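**Q** So the sequence lines, in the order shown, correspond to chains D and A. Residue 392 in the numbering used here sits at position 392 of the first sequence, with consecutive numbering throughout. Residue 42 in the numbering used here sits at position 42 of the second sequence, with consecutive numbering throughout.
FYI, nobody ran anything at the bench for these hints, they're computed from the structure. Model, not experiment: these values are computed from the prediction. A few of these clues could be false.
One copy or any two copies: either way a pair holds, since identical chains are not told apart in the list.
To be verified - In silico EDC-like cross-links for lysine to aspartate or glutamate, where the CA-CA straight-line distance does not exceed 20 Å:
1) 115 x 317
2) 240 x 351
3) 12 x 347
4) 84 x 101
5) 324 x 359
6) 197 x 344
7) 401 x 317
8) 222 x 291
9) 406 x 165
10) 395 x 379
11) 400 x 336
12) 401 x 301
13) 8 x 320
14) 240 x 73
15) 401 x 300
16) 76 x 310
Number of protein chains: 2
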Amino acid sequence: MINTLYCKDENKGIQKQAFDAICKEQESIGYYGLPEQDIDPILAYVNTIPESVETIAVIGIGGSSLGAKAVYEFIKPVRTLKRKLCFFESTDPINITNLLDTFDIKKTHFLVISKSGTTVETFSVYKYIYAMQSDATSYTFITDPGSPLEKYARSINASVLHLPDNVGGRFSVLSSVGLVPLALCGIDIAQLLLGSKSIKKSFFNDGYMKDTLLRKAYFYAKHHAQYHINCIFAYSESLKYFCEWYVQLWGESLGKHQRHSAFNVGLTPVGLIGPKDQHSFLQLIMEGTRDKSVTFIKIEDFCHTEIIPDITLPHLESLDSLNKLPFSKLINMQCDSALEALLEQGDIPLDSISIGTIDEKNIGMLIFYYELLTSLVGELIDVNTYDQPGVEAGKIILKKKLSQQKR
Amino acid sequence: MINTLYCKDENKGIQKQAFDAICKEQESIGYYGLPEQDIDPILAYVNTIPESVETIAVIGIGGSSLGAKAVYEFIKPVRTLKRKLCFFESTDPINITNLLDTFDIKKTHFLVISKSGTTVETFSVYKYIYAMQSDATSYTFITDPGSPLEKYARSINASVLHLPDNVGGRFSVLSSVGLVPLALCGIDIAQLLLGSKSIKKSFFNDGYMKDTLLRKAYFYAKHHAQYHINCIFAYSESLKYFCEWYVQLWGESLGKHQRHSAFNVGLTPVGLIGPKDQHSFLQLIMEGTRDKSVTFIKIEDFCHTEIIPDITLPHLESLDSLNKLPFSKLINMQCDSALEALLEQGDIPLDSISIGTIDEKNIGMLIFYYELLTSLVGELIDVNTYDQPGVEAGKIILKKKLSQQKR
């Protein structure tokens with residue numbers, strides 16, 4: 001993975017302080033330790049699920065689904081996987097019934113994922129499915145040790161797996177929350193962790209990533225008042241759900257009250273897919289308000305050799321320049337062209353990330369890179385990166401509405 | 001359709017000027033006339049496609065695909081449609097080959113949609129598919145009258161349909177660009193136009209929509225320097241691609257150099273789906289920088305009666321308040337709760353749109369509502385709403401790269 005920055009390097013002193021703060025955070029924040037975890041218990045659990053199970057259905061929302069979905073949807077297009085993975089993430093009745101029509105409930109294992117066991121979306125769907133399939137062996141619950149949900153699961157003799165300590169939902173993809181569904185589908189979770197570990201080592205052991213991440217995070221923090229919309233422009237349809245994961249990670253971590261002021265601050269994430277969104281959002285970046293940074297992500301080797309045929313279309317001879325070009329080369333040329341066009345503007349902060357290919361190791365690298373970047377920026381804009389107090393108000397109002405409901 | 005605004009009404013004089021400007025625009029901008037068009041030629045064309053065709057594949061990008069996709073993906077979950085519709089919108093080789101695996105090319109009709117006939121994405125994919133299927137009767141080309149693409153299509157004896165005059169890509173969903181693929185799938189395009197016509201009439205004939213749209217557009221324009229991120233929070237998975245259509249419409253229309261100044265201006269669109277994104281983006285809206293407006297969209301009647309079963313889970317008795325509640329009621333209570341929680345903040349501009357149900361008429365209303373709103377805001381922030389000069393620079397760089405390419 002190569003990350004090319006086009007911003008200048010500033011204020012090494014504050015960068016050093018942020019690095020020291022992150023080093024210290026490792027004592028209290030759980031996600032930093034995930035790359036080195038022992039995955040044997042997860043692999044042993046995976047072997048307990050019968051071969052006859054064809055589908056893994058996650059009942060979970062937000063941090064309980066977005067990470068596994070990002071990895072699964074990245075790998076799936078290039079691999080024949082052992083099982084299908086699907087996600088119940090909504091209370092939309094049409095979505096629930098249509099999703100249920102896509103698999104055989106008798107050949108499905110359900111993973112119910114919730115830290116506390118009180119998530120409205122998760123348990124309304126769980127109750128609905130449980131009424132159709134009450135065999136406890138069809139369910140595994142992933143929750144905090146000792147939670148009411150664990151007690152419930154034990155009471156019906158279902159399997160329980162634990163979340164590690166101090167790992168928040170949006171930082172949990174490399175914990176049981178992401179690894180269990182992914183391993184059940186035959187995704188190589190050891191390689192996923194290996195990728196994340198390589199970024200971690202490079203960052204904490206004075207490697208290439210230390211300087212790069214600090215410089216980028218400092219730039220984002222320092223200029224947050226002007227450039228407060230941070231776009232990812234990923235040139236592969238496979239990265240669509242990675243973008244959704246990034247939106248949650250970035251938005252929910254960095255949109256906060258400052259710890260030591262009365263200010264509301266925040267950096268707004270936008271996920272874009274190239275070349276498609278060149279025909280949608282690019283105009284706004286090029287000519288709109290100068291409030292956006294852009295990170296281009298491209299894949300060096302798609303491992304696909306499809307070539308544009310050497311055909312001349314009468315009256316459309318100008319398109320002959322496309323002939324004999326591999327699509328994988330074209331898409332990367334489109335990425336480079338968009339980057340160069342934006343660079344020429346001179347006042348749009350840009351960088352580019354290049355990953356090797358579509359596999360577990362590379363997505364593991366991207367994930368840990370973005371988690372570290374989020375932690376660094378959170379530190380530098382003085383917010384608590386790991387909580388989300390703003391979502392409570394709506395939950396309280398809903399609870400009140402539910403209790404007043406006549407049925 | 002009901003649109004409830006929570007912003008105050010300001011400056012009727014400027015609102016009146018904007019209304020007059022839009023009335024005048026009807027002479028030169030084509031999309032305003034689309035609700036009244038004669039669809040008989042489209043319906044006659046649709047009857048020429050053999051019943052044996054099972055799949056309609058659109059080869060097109062941006063304005064040539066997003067509109068039809070928004071309508072199709074809205075209706076599909078609730079209807080058994082006559083044919084499947086899919087979209088080739090990328091040069092990603094994995095996406096192209098995987099999409100080709102999902103249908104029988106011999107039972108597919110391809111719609112190649114391009115105004116000029118020079119879109120790189122469209123024609124690289126077209127050449128690739130044409131090398132596999134060279135039967136001209138499998139293709140229809142939708143393009144500008146007299147374009148090189150029309151000449152090409154005539155030269156191979158393929159069908160040609162025209163784009164109406166002065167209708168830009170992102171405003172073209174209600175023209176042949178959107179209506180042809182939708183009608184081929186059995187979607188009721190007469191109802192779609194009827195919905196759009198009802199909004200048009202209400203706006204231009206001093207109805208409810210005139211006051212509402214003017215007031216909202218004025219607020220967005222007046223406060224664009226502070227509230228320049230405009231979120232849609234739609235409580236239905238079916239509106240996911242409507243959000244993508246909105247992102248193009250809003251971003252590409254409003255991100256511009258001002259006509260009479262040296263300023264770059266722009267309003268940034270964000271599409272969110274509830275309740276899922278309550279667990280992702282909501283924290284940023286609640287506690288982040290006060291730079292976002294939010295429009296909640298909800299569907300009054302999902303026409304789905306699934307009910308949360310009356311089951312008590314031991315240790316999770318607090319969830320009993322969900323029992324016997326229809327999912328359609330729960331999702332709308334979640335929407336109301338999020339809206340109320342944001343209203344309590346007092347400094348986040350909000351409004352809510354409520355549509356009747358999931359059908360052609362309602363999506364036609366939403367589409368025309370957003371097109372009118374975009375035109376009004378464009379007028380009020382002094383940009384040319386209908387061009388997109390910013391995307392040319394990247395195309396020129398790509399063209400140069402292609403010509404230098406050795407093969």
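**Q** Hint by hint, note whether the structure agrees.
**A** Hint check results:
Only between protomers do residue 115 and residue 317 lie at most 20 Å apart by alpha-carbon distance; the minimum there is 16 Å, versus 60 Å within a single protomer. Within a single copy, residue 240 and residue 351 get their C-alpha atoms as close as 19 Å, which meets the 20 Å cut-off; across copies the closest is 29 Å, which misses it. Taking the closest pair of Cα atoms, residue 12 and residue 347 never come within 20 Å of each other, the shortest separation being 23 Å inside a single copy and 37 Å across copies. When the C-alpha separation of residue 84 and residue 101 is checked against a cutoff of 20 Å, the pair qualifies both within a copy, at 14 Å, and between copies, at 17 Å.
Taking CA atoms no more than 20 Å apart as the test, residue 324 paired with residue 359 passes in neither setting, with 27 Å inside one copy and 45 Å between copies. When the C-alpha separation of residue 197 and residue 344 is checked against a cutoff of 20 Å, the pair qualifies neither within a copy, at 36 Å, nor between copies, at 44 Å. Taking the shortest Cα distances, residue 401 and residue 317 sit within 20 Å of each other only across copies (17 Å), while inside one copy they are farther apart (64 Å). Within a single copy, residue 222 and residue 291 get their C-alpha atoms as close as 13 Å, and across copies as close as 18 Å, so both meet the 20 Å cut-off.
Neither within a single protomer nor between protomers do residue 406 and residue 165 lie at most 20 Å apart by alpha-carbon distance, with minima of 39 Å and 55 Å respectively. With identical chains, the CA atoms of residue 395 and residue 379 are never at most 20 Å apart, being 28 Å at best within one copy and 39 Å at best between copies. With identical chains, the CA atoms of residue 400 and residue 336 are at most 20 Å apart between copies only, with a shortest distance of 12 Å across copies and 52 Å within one. For the identical chains of this complex, residue 401 and residue 301 are inter-copy neighbours only, at 19 Å across copies versus 52 Å inside a copy, given an alpha-carbon limit of 20 Å.
Neither within a single protomer nor between protomers do residue 8 and residue 320 lie at most 20 Å apart by alpha-carbon distance, with minima of 40 Å and 56 Å respectively. Both within a single protomer and between protomers do residue 240 and residue 73 lie at most 20 Å apart by alpha-carbon distance, with minima of 8 Å and 17 Å respectively. When the C-alpha separation of residue 401 and residue 300 is checked against a cutoff of 20 Å, the pair qualifies only between copies, where the shortest distance is 17 Å, while the shortest distance within a copy is 52 Å. Taking the shortest alpha-carbon separations for residue 76 and residue 310, neither the intra-copy value of 30 Å nor the inter-copy value of 37 Å comes in at or below 20 Å.
Hint check: violations occur at hints 3, 5, 6, 9, 10, 13 and 16; the rest are consistent with the structure.
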